[in-house]
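S.K.: The primary structure of each chain is shown beneath.
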Amino acid sequence: MDMSWYLVLSALLFATGAVGVLIRRSPLVILLCLELMLNAGNLALITFSRTLGDEEGQVFALIVMVIAACEVVIGLGIIVAAYRRRIPLNVDELRALRG
Amino acid sequence: MDATTYGWLILAFPLAGSMIIAFGWKLLPGRAAGWIGTAAIGLSFLVTLGALFQILGLPAEERQLTDSLYDYASAGGLDIQMNILVDPLSVFMCLVVSGISTMIHLYSISYVTSDRGFNRFFSYLNFFVFSMLLLVLAGNIVLLIVGWAFVGFASYALISFWYRRTTATEAGMKAFVINVVGDIGLVLAALFIFRELGTFDLLAIFEQAPEQFSTNEGVVVLIGILLLVGAFAKSAQVPFHTWLPDAMEGPTPVSALIHAATMVTAGVYLIGRFYPIFEIALTAADIAAIVGLVTLLIAATIALVVTDNKRIIAYSTMSQIGYMIMGVGIGAYSAAFFHLMTHAFFKALLFMTAGSVIGAMANRQNIDLMGGFRRSLPFTSALLIIGCLALAAFPGTSGFFSKDAILAFAEYRGGAYWVFAIGGYIGALMTAIYAFRIGFRIVAGPPCEVARDLEQGVHHHVEPQNPATGEAEDTDVGFPGEKHNIAEDNWPMKIAMSVLGIGALFSGYIQVPGVTDVLHTFLEGSFEDSKLYFEQPTDAAEWRGLATGALISLTGIAIAHHFFLRNRAAAARLQARLPGLHTFLANKWYFDEAIDLLIVRPTLAFGRWCDSTFERYVVEGLVSGAQGVAKGGNSAVRTAQSGYLRSYALLLFVGFAGLGLYFLIAGS
Amino acid sequence: MIQVMLWLPLAAALLACLAPRRAAGWVAALGAAGTLGLAIALLAGFDSASAGIQHAVDEAWIPDLGVRYSLGVDGISIFLVLLTSVAWFAATTWSAIRMPERPKTYFLMLGIAQTATLGAFISQDLLLFVLFFDLMLIPFYFLFGSWGSDHPGREGEGAIRRSPATIKMVVYTLVGSLLMLAGAIATGVIAGDGTPVFSMAELRADPLGEDSQRWIFWFFAAAFLVKMPAFLVHGWMPDAYRVAPLAVLAVFAAVLSKVAAYGFLRVVLPIFPDATIQFQEVILVVALASILYGSVMAFTQTSARLVAGYSSVAQLGFITLGIFALRPDGADGAVLQMVNHGLVIVPLMLIMVILAERTGGDDITRMGGLALRAPVLAALFLVVTMALLAIPGSANFIGEFYILNGVFQEKIVFALIASIAMAMAAYYALRLFQHAMHNRKRDDVESKEIGWREGAIVGALVACIVGLALYPGIVLERSDESVKDTVSAVQEPSDEVAARR
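Chains as they are written, first to last, in the working numbering: chain U, 1 to 99; chain F, 1 to 668; chain G, 1 to 501.
Certain hints may be false.
[What the hints assert, rightly or not] Once the Cα atoms are required to be at most 27 Å apart in a straight line, the calculated DSS-like pairs of lysine-lysine come out as:
| hint | chain 1 | residue 1 | chain 2 | residue 2 |
| --- | --- | --- | --- | --- |
| 1 | G | Lys168 | F | Lys631 |
| 2 | G | Lys448 | F | Lys26 |
| 3 | F | Lys174 | F | Lys588 |
[As the list claims (entries may be wrong)] Covered by chain G, according to a simulated footprint, are these stretches of chain F (three or more residues, beta-carbon under 8 Å):
| hint | segment |
| --- | --- |
| 4 | 74 to 85 |
| 5 | 594 to 606 |
| 6 | 610 to 617 |
| 7 | 626 to 640 |
Because the hints were derived from the structure by calculation, they are not lab data.
Nothing here was measured: the structure is a model prediction, and the numbers come from that model.
Idealized CB from N, CA, C, for every residue including glycine.
Bound conformation, chain U alone:
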């Protein structure tokens, strides 16, 4: 099996996610794109693990999934809290932490 196809797929997914983060304004969509990037990374890890026969890659992918889950929880929590306080869910307007 030629692993390069998987890597290309992974790269495409990553690029899509990255462009989404840079272009979209809704925090929910940015979170989704972030998930996309993380899973693209997962795909690359598993691909290499399979090809090289080293389990460490798969273990790492599992860890990444855990961390992604935690991060999503927090991110969604913030978004829901913001929505409840009627704060506009627009990343360009959420700039109070300006220098």
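On the provided structure of chain U, position chains F and G as indicated by the hints.
M.R.: Here is chains F and G on its own, set in the frame of chain U:
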């Protein structure tokens, strides 16, 4: 007990007295503080007598003893001990200081009796005596400076004793600052001495000075002049004299003790003690003599004109100290110290009588308001006349013998020194005139209103007012209030004044030329290596001098009699004919104004300029500059923190891509 | 024992945080008392004849960076440690009596500050010294900023708010400290080959090349001169002194400025001897300018705090003058003056607390006649004033005398000009005393005697002043050996330099 142990005890008693009164001020009943203070000084006097007998028991060449208690500050190459020097000169000074002080303490018990600060007064007074004794007993120059400064502090504390009067606190400040200027002179002299001779110990300095310095070498003259700065500041010689008249703000016993008999003589002691330096630095000695002469004359002219009783006596003190300074300057050491002793007697007496009169006058001091107290204040008047006689050097009184001893020596030295003799005689004439100006004004003539009331036994009462500012005195803190303390009513005052009166009349007999030579022989032990000490004018020359002095004294008294007794209007006419001269003298030769213009105002103006301009623009500029730089850097970096999530993400990606690219390229 | 003394204040402060609110101050005061006791014990066991470090502690800390945890006292620092303990004990007890707001945080900050200051005095490793030097500033930022008070300022100037004043002070001082950090790192790196070397003993034994010494000297000097403060870089002082709480200002003015002077003696002189000799005259000029400028400014101030502040500028100028005379007597005098000045400033500031309470501020033109029903206060204030103006007979005079002697023997002109400052000090110190205590009292001011607890603290400090005045040798003799050692480290290169000329 040997002499040095006595020496430590001489110091211990007044210090103990001062501390006991200070710490127990709340507990001491009634006038106990006064008696404790007097007893402490009395004990000191007795111990001094003990030291005197010890010293007399030793052969003349071995009479200089030192003793060190502990290492005061010995490190880094300097060695400063806590040591004292007991020798004829210091024992003599201790006798004069403790003896006169005992009498003044006794006097003060009555004089200050109704004052709220009674205990504070005696604590300070005892501390002053301790300081003065420390000054004369000090065995090294640093300890002498310590005693010098403590005396200045005690003087400040006592001048501003009635601290709610602004005139008193300002006078205190003036005295203290001028005193510190003198301190600086002494410190610099000490530093120079250490640089050249490597020691601070007095006896070591005196031994090495002749070997290290040649006559009139630049350094030693400089040391002499610096010592003179200190001496002039302390002894109120021109141009450092402006504090003394203002010091009359203090209570009269303070004026008697500090500003007549003891503290102001410290300068004379200093020059006499450092005679080895001054006999090498001849220029400095001559400067001392000239300044003494100038002061003597200037002060006498002012004393002819001012109207405040105590200030006349203050200028008289300045003038007489001028005689003493002139004396030690030309080398008449024993004569100068003789005059120091007699002056202490009659000047303290004069102040005491002045205090009694001021008490009667309800605290007004203007002699134009006084007159004819001979029937109402008989005791005071008698002693006042005794004091005036001694001051005027009336034949037979102590002042007669001592003043002329100095002038005879000046004649004996001949040459240019005749100036001092002639100047001295002119001064003596003026002295006799103003002495009896006081005497005749107060004692003789028709009784003034206060005197008439007093004869009936009624004490005059006036709301006390500060003569300088016109504001009402604050009798709450005790500025002599209701009670009028006159000698006739108080036996402690009478005893003190009588003792001093006897001294003023008869103490001259210890040094009658050709007959007795007590003082000169006694002080030999301290002046062994002096070239000038052992030269004496012939007896005949001395008697000639005495005769001249007697003539001048009588002439002066006669002139005073004419102007102030027989023909009172004559004084007023003379004043009207020479108004310019009168104003000039009445304004004390404008010294205060000159110092204010040349020194005080520029310094304060400079301070204000620094505060308003320099501080505001230069210093703040530096601070703002630093802050500006910080802020500038800050705002430059701030632009990256835009707050936009997406620009942060972009930066992240670009950054990582760049890094990754770099490693990729570097790796291949 | 030295380690216990170092960490005890911090430990006590942490305990105070756990204690109930009322007792917090007393726990901290107890800690300060314990520190004082340990400092006295250290002094008692001190050997005056030896020049080296005593009670040494030396352990590896960060081996890869060459930083060691190295402590110890010698003749120069033993009395400064004692001064720190005394000053903090007085301030902590005073604060415990007059409970401040939020006491726990307050005493925690004081405790951290004391540990840091003690650490600066006893550290024998350069980086450890820099660490403690910077650390000691932080608690004061909080103490001045939170517990300070706004000051009305002079006419023509607006009110001075505590936040900007504190920030100004911190930024200014930190600029210097950062330069010092850079200098310290450079020293360590240049001196060691491979692993940096920060141990002061080793740096002394093998000084750097002259060129490196030159710029590193100025980086260190920058930090110390700003901290003192010296002339031209004292801009932070007026505002900071006017907003600070007085009890805290007492320890700040008394002790922290001495760390800077101590830094010169401990770090700059032994480790950068060639640069010291080269720039001796420049620093002497700065010191002289500080003396004169500080004294002249003190004449005209109407704020009692600023009189004390500018007077401190002048006094630190004297101390610097003594250090840079590069003679044992000058440096001995400087060490003595460090102790003296600290010992005088603390009671002065505490007395100013009383004055401020009576008259509602520190404006001396609004004071007057307070001696009326307060004789004990007046007496204590008088003794402190006399010590402040260095009346001969006080230990301050001996310190100044030694300093002047040291400078006199080498650079006579400086000593002559510096001696004028004695008269100026007499004027401004007495002016402060007279304005507060003498003349008429204003009707709206109440004159009351000092309370017995406060009086006990001030009285104990005054007793120390008097005791030291009777025997200044106690400090001079103990510091003599170490000072001679330090100065001789500079003198040897000076002989070489002289030989080269």
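S.K.: State for each hint whether it applies.
M.R.: Taking the hints in turn, this is what the structure says about them:
no., hint, in the structure
1, G:Lys168 x F:Lys631, "holds (12 Å)"
2, G:Lys448 x F:Lys26, "holds (16 Å)"
3, F:Lys174 x F:Lys588, "holds (16 Å)"
4, 74 to 85, "holds (count 6)"
5, 594 to 606, "holds (count 3)"
6, 610 to 617, "holds (count 3)"
7, 626 to 640, "holds (count 3)"
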